[in-house]
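Please model the complete structure; the sequences and the hints are all you need to start from.
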Amino acid sequence: MSALCPPPSPAVAKTEISLNGESPLLAATFAYWDNILGPRVRHIWAPKTEQVLLSDGEITFLANHTLNGEILRNAESGAIDVKFFVLAEKRVIIVSLIFDGNWNGDRSTYGLSIILPQSELGFYLPLHRVCVDRLTHIIRKGRIWMHKERQEHFQKIVLEGTERMEDQGQSIIPMLTGEVIPVMELLSSMKSHSVPEEIDISDTVLNDDDIGDSCHEGFLLNAISSHLQTCGCSVVVGSSAEKVNKIVRTLCLFLTPSERKCSRLCRNESSFKYESGLFVQGLLKDATGSFVLPFRQVMYAPYPTTHIDVDVNTVKQMPPCHEHIYNQRRYMRSELTAFWRANSDEEMSQDHIIHTDESFTPDLNVFQDILHRDTLVKAFLDQIFHLKPGLSLRSTFLAQFLLVLHRKALTLIKYIEDDTQKGKKPFKSLRSLKTDLDLTAEGDLNIIMALAEKIKPGLHSFIFGRPFYTSVQERDMLMTF
Amino acid sequence: MISAPDVVAFTREEELEDELCSEPPLPEEYSVPLFPFASHGANPWAKVAGSKFTRDFILISEFSEQVGPQPLLTIPDDAKVSGTFDLNYFSLRIMSVDYQASFVGHPPGSAYPKLNFVEDSKVVLGDSKEGAFAYVHHLTLYDLEARGFVRPFCMAYISADEHKIMQQFQELSAEFSKASECLKTGNRKAFANELEKKLKDLDYTRTVLHNETEIQKKANDKGYYTTQAIEKANELASVEKSIIEHQDLLKQIRSYPYRKLKESEFHPYEPEAALDPAETGCDQDLSTSDQAEPSPTHLYSHAPSYTPKLIKAKSAKCFDKKLKTLEELCDIYFFTQTLDQLHQIERTFRGDVCYLLTDQISRALLKQQTVTNFLFEDVSFLDEKPPEKQYRGCQELSQDAVDRKCSEESPAPKVVISLGSYKSSVESVPIKMEQELEDTNEPKMSESVTFEPQENLDYLDADIKGSISSGESIEVLGTEKSTAGLPKSESQGSLPVSPSPQAGRSRVGSRRTVSEDSIEVLSTCPSESLIPEDFKASYPSAINEEPYLDDDEDGGLRFTPRLNPGDADEREDLSQQESLAQVDSACCIGKESPNFLEAELGQKPCDEEGVVRIPPQPSRPAEQGLRGTFGGFASHDGISGGLLPCELDSRYPLGSRELSKSSLDEYSDSTSYMSSAASTCSDRTPSPAHPTCQGSERHKKKAGQNALRFIRQYPFAHPAIYSLLSGRTLVVLGEEENIVKKLVTALSIFVPNCGVYTKPVKHWVTSPLHVVDFQKWKLIGLQRTVSPAGVNVLHALSRYSRYISILDADSKTLRCPLYKGTVVSRLADHRTQIKRGSTYYMHVQSILTQLCSKAFLFTFCHHLHLPINEREPEESVAKRRMNFLKLQLGLANEDIKIVQYLAELLKLRYIQEPGQGGNPVLRFDYVPSFLYKI
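Taken in order, these protein sequences are the chains called X and W.
Following this note's numbering, the numbering of the first sequence begins with 1 at its first residue and continues without gaps.
Following this note's numbering, the numbering of the second sequence begins with 1001 at its first residue and continues without gaps.
Some clues are possibly wrong.
Here are the computed lysine-lysine pairs in the DSSO-like style, where the Cα-Cα straight-line distance is at most 30 Å [to be verified]: (1) X:K191 to W:K1367; (2) X:K425 to W:K1080; (3) W:K1879 to X:K388; (4) W:K1198 to W:K1309; (5) W:K1367 to X:K388; (6) W:K1200 to W:K1241; (7) W:K1114 to X:K422; (8) X:K428 to W:K1198; (9) W:K1200 to W:K1367; (10) W:K1198 to X:K424; (11) X:K425 to W:K1232; (12) X:K434 to W:K1702; (13) X:K425 to W:K1701; (14) W:K1114 to W:K1200; (15) X:K422 to W:K1080; (16) W:K1820 to X:K378; (17) W:K1312 to X:K434.
Label pairs and their in silico Cβ distance ranges [claimed, not checked]: (18) W:R1698 to X:K273: 45 to 53 Å; (19) W:E1870 to X:K273: 32 to 40 Å; (20) X:N313 to W:E1870: 54 to 62 Å; (21) X:K428 to W:G1351: 22 to 30 Å; (22) X:G178 to W:Y1089: 34 to 42 Å.
Think of the hints as simulated: they come from the structure by calculation, not from any bench.
Built from N, CA and C at the ideal position, the CB exists for glycine as well.
So this is what it looks like as structure tokens:
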């Protein structure tokens, strides 16, 4: 945060955002590459704070730097590239999403960036994917918006015979604001309520004297089993924050420390919003005893989700990864297509799209009962409560269980890698895999596959995708008759 | 509940499709691929295959003030690695940003140029079209001849996997920071040297100019200055200014360490390995610069003499001069270190990220289960200090250093715990009780082997003779010290063996009652009913042996622990522990205590019912109080069979007992004990399971391959593996060393570890086996020869054939107990479709981890081993244990024995002091053997 920065010129538009809690984010910027002037900053978003940690000049200086070198940009069509800076001299980290777009009649390069203090590196890294995924999606929509604006702009020029420079491209800012603020809120909430890296087992259900003490045995089994089957991604809802958080912590025991830092506890006073991309999050029901789960955001989570209601002890899960990704992509394409088809700003508003375009929910029944039972978690739960609580015995036993799961997952990846010659040939011997790796129970296979998916993305689609897509196509075909 | 606006929506895709057809479709560049992982032949491994380079590499680039960004070198330095990837273009891309915008040069208001110690920047960026993503570490080096004295460089780790870079960001950042710090340290050193030379040049030039000016002054008699004189004067002034500037620069560069050290994030580079100055050409001040640059005077002092030159007032034009190479910019030692570090980074991070991630996760999890790790895990990598280094270092130590090292690193002599009363859940009869607990740190070289009563042996002998082929077999393996309070037998005795051959001989001669014969006698027992009362199956009723003889009494030379000054309390502790050990501990822990670490050293970790109640701790601090030394060792320095330094370390495969035996081997030739001892020690080839190679991927792969071949070729693989998992020694017999070793390598992955690091595996033995071998080794490769010596080997083997399993590699037969469980069939299914050895190894690892988990549960499940009330009979407790194994752990038949054996090892290991490599229990089971043929 050096003071040796060139003064900004001219003044850059800025939106100040009031947040409830502490904001780890210093600022967000939107910059573009001007063919004459080089990198230019279009807009700054900054949390409203009493103490200014980064002046506008410094923010502009940093934002300009995110586009440095991008004149050499060599990207695939439509690519949104991520750049990540740790600038020790400036004591900041910057995450930039660089993309090409058409604006003001020119094709240019743009950068949407968020700036954090360097001290937040450890806090930010586990959340990197969440932030990038969300900003990437808003950029996808923003690009369409920019493109359409250009068309409208030309139409206006033709009709009115005048050109109003000041009007150009301004409307993308509100759209970006619509996602930058939630990202700031997310980081703020994570600052105060993220699950700690190390969890004391005594704060969890696994410290009970017996399996049924805190919650019903079957419920706990379903919750953990489904949680593992959905790649460790779960939403826990309930009326009591304490109860919710106990389950959240319990589920987080089955995550890696980094994934725990990407999980959030429930707030006592009022519920947080659902945030797409967190591993485990606790949410408090409202006075009516319900919690509204935004369908779109649940669909946009990188992994399928398990929905756990601690009040009524229900556990529901989304379809496995390959189906989830397929549904997600169809949903995204539908949404982007709807944006493309929209003719006015009003039509392009988020709510309008959702209300009017009925194709957004390919299948309402996204949360289903757990179909496949497993033996791994069942045996684990049957056994762990035999060990005396309050000592480190259960932690050790848990670590052994997790080690078994990870080793099985890696063996499974290696098995498929060998069998398919690193994906060159299709995988045809699922039955053999189940027998050879002792994963004959469908639930066991799901758990291990889910774990493998996290360390080898695309494994589900590779193994199960082809028959699934074929069946979907066949279904679609049949529906046309 | 799903939000209302979303709920309203429902699929009506056919209409949507119709509508879409009538409008221009969404351009693909604005859309997202429907099948991110399944289209265009994509697969989870495809991203790496799509790039122009074959594997990850490191690129060092510079932003040259003359030619702009340019690649300097790649690691590995192989053109095949970078392939057709355009390094020039990528260098341009990664160096095109000036992140270090700090001011260098003459700042406003400053009289002299100011060096700015710029901190490194780290950037992750990519080129999605080329499929190249990079972690880029920007750094600045100093060069007196460069513009602003700075030369911007960067080191980039380039990979085709974008996620890998971000997932490993912190690790990459930490490692590259070390490399950068090393390079910069060397650069500052070189820069300071360069400044000193320049100052000498300037000083010399000034002297010359001054002289010339003086001469001119003297020659000048006109009363005014000539143009030439004025020029000289200006030149002199310029040189003087330059001197001041350079002095200031030198002062600045010297002040660096102090300034930076104050900053919390500064981590000075500390080379891990001391390099021989003679080899590196590094001068003596290296050591000081290695240690966080404590003294700038030392750091920048430069020993070689330098002859100053006259320098011109005007420097060469920018483009006329040749810029220094990276090597020239840096002190050679540090440059080499940096390259080594970068090679290490490349080796660490290359390959599929899923293996890196799993490895990191596994390490973290293994650290949480130190209690069970010893069984099947390669725990050496979890230590801070690699065992390989320790081993090597140990060998290099002088004798003095041995003493020191042993006293520093080896745990102190530990509690003499009586394991004789250890309650086994396996039907085993310990027949040979020996005191193994004398820690190697207390290198007594004592061979406290005790043997069975001769009369018992005689009594049993009659029954066993000629019954070798009967179905009954007795497994005889090592035991620990017998229980106190049991009837003593006259002929039993501990047999401390002196390092002195004479003493040893006399000791052996006087105390030894039986060696292998004892086994022969025991083996005559056809059934349990014939075993004397003391021999009956559970440990509490195990054979008694003589109490451990006092050193002073037995006359044998023994090492005594040297207590540290002021360790009287600890000495007292020791005596307390010894006295405790004499009491029947019965593997019991009195009280459940979460504050185990605070417990007294002598506290028994088990209660009287044989239950381990104290939870496993992540690590127990090694006892530092008692330091073992070699009392009387100096007098035996001349022994040719003296101990290697490495052998004195308890963490190494050879325990004190074995060591003493090996030393005795050199001198004994008469006693049967000696000859038998020699049999195992004749082959000093280190086990492949030694830490030096145990952890190596190559070993794993090879073992996996061999194991896979074994289970496919040998239909009786299951009982063979069962033998190993249940603690029964398996001997692989064959003529050809190569074949036998391969089989041993294959089977070694199933052998539970009994010691700290080393698996009890002996790959190749050529001399007859002795009963002690079965205590040490659980898997032995034995040579079959037709020579007379070979007859002895076979004779010895047939003598013990009841207690061991024998795999004949030549005739492809196996003699061992029957196996009817399910665990091994999951572990070794001959129909498996697993194709590679490394995959099979991983599969075996995961199944063995499951077994460990079961054994852990069984060991530490308190209610299993305790009577519910005082009146509950032992049978009831045993029944409960059996039910638990069957119902809770789902074990059947022989699988139970596997878990029981592993649980025993866990318990034994747990109640032993840390760092004590106890051998497995020597025991025998009455289990019928079967002969399997292909």
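Going through the hints against the structure:
1. Taking the CA atoms of K191 (chain X) and K1367 (chain W), the gap is about 28 Å. The hint holds against a cut of 30 Å.
2. Restraint check: the Cα-Cα separation between K425 (chain X) and K1080 (chain W) comes to about 26 Å, which is no more than 30 Å; the hinted pair holds.
3. Only pairs whose Cα atoms come within 30 Å are accepted, and K1879 (chain W) paired with K388 (chain X) is accepted, the gap being roughly 21 Å.
4. Pair hint K1198 (chain W) plus K1309 (chain W) holds up; C-alpha atoms about 9 Å apart against a cutoff of 30 Å.
5. Annotation: proposed proximity of K1367 (chain W) to K388 (chain X) holds, straight-line Cα distance about 21 Å (limit 30 Å).
6. In summary, the hint linking K1200 (chain W) to K1241 (chain W) is supported, as the alpha carbons are separated by about 14 Å, within the 30 Å threshold.
7. Proposed proximity of K1114 (chain W) and K422 (chain X) is contradicted: the alpha carbons are some 55 Å apart, above 30 Å.
8. About 72 Å separates the Cα atoms of K428 (chain X) and K1198 (chain W), which puts this hinted pair outside 30 Å; it is violated.
9. With a CA separation close to 57 Å, the supplied pair K1200 (chain W) and K1367 (chain W) exceeds the 30 Å bound.
10. For the hint pairing K1198 (chain W) with K424 (chain X), the CA-to-CA distance comes to about 62 Å; that exceeds 30 Å, so the pair is violated.
11. This hinted pair does not check out: K425 (chain X) and K1232 (chain W) have alpha carbons roughly 82 Å apart, beyond 30 Å.
12. Our distance criterion of 30 Å between C-alpha atoms is met by K434 (chain X) and K1702 (chain W), whose separation comes to about 25 Å.
13. Pair hint K425 (chain X) plus K1701 (chain W) holds up; C-alpha atoms about 24 Å apart against a cutoff of 30 Å.
14. In summary, the hint linking K1114 (chain W) to K1200 (chain W) is supported, as the alpha carbons are separated by about 21 Å, within the 30 Å threshold.
15. Distance check on the hinted pair: K422 (chain X) and K1080 (chain W) sit about 21 Å apart at the alpha-carbon level, within 30 Å; holds.
16. Pair hint K1820 (chain W) plus K378 (chain X) holds up; C-alpha atoms about 25 Å apart against a cutoff of 30 Å.
17. Taking the CA atoms of K1312 (chain W) and K434 (chain X), the gap is near 80 Å; set against the 30 Å cutoff, the hint is violated.
18. Range check, R1698 (chain W) to K273 (chain X): Cβ separation about 52 Å, and the 45 to 53 Å hint holds.
19. Checked against the hint of 32 to 40 Å, the pair E1870 (chain W) and K273 (chain X) fails, with Cβ atoms roughly 60 Å apart.
20. For N313 (chain X) and E1870 (chain W), the Cβ-Cβ distance of about 41 Å falls outside the hinted range of 54 to 62 Å, so the restraint is violated.
21. Between K428 (chain X) and G1351 (chain W), the C-beta spacing of about 26 Å keeps the proposed range 22 to 30 Å intact.
22. One distance hint, 34 to 42 Å for the beta-carbon pair G178 (chain X) and Y1089 (chain W), holds here, with the actual separation near 38 Å.
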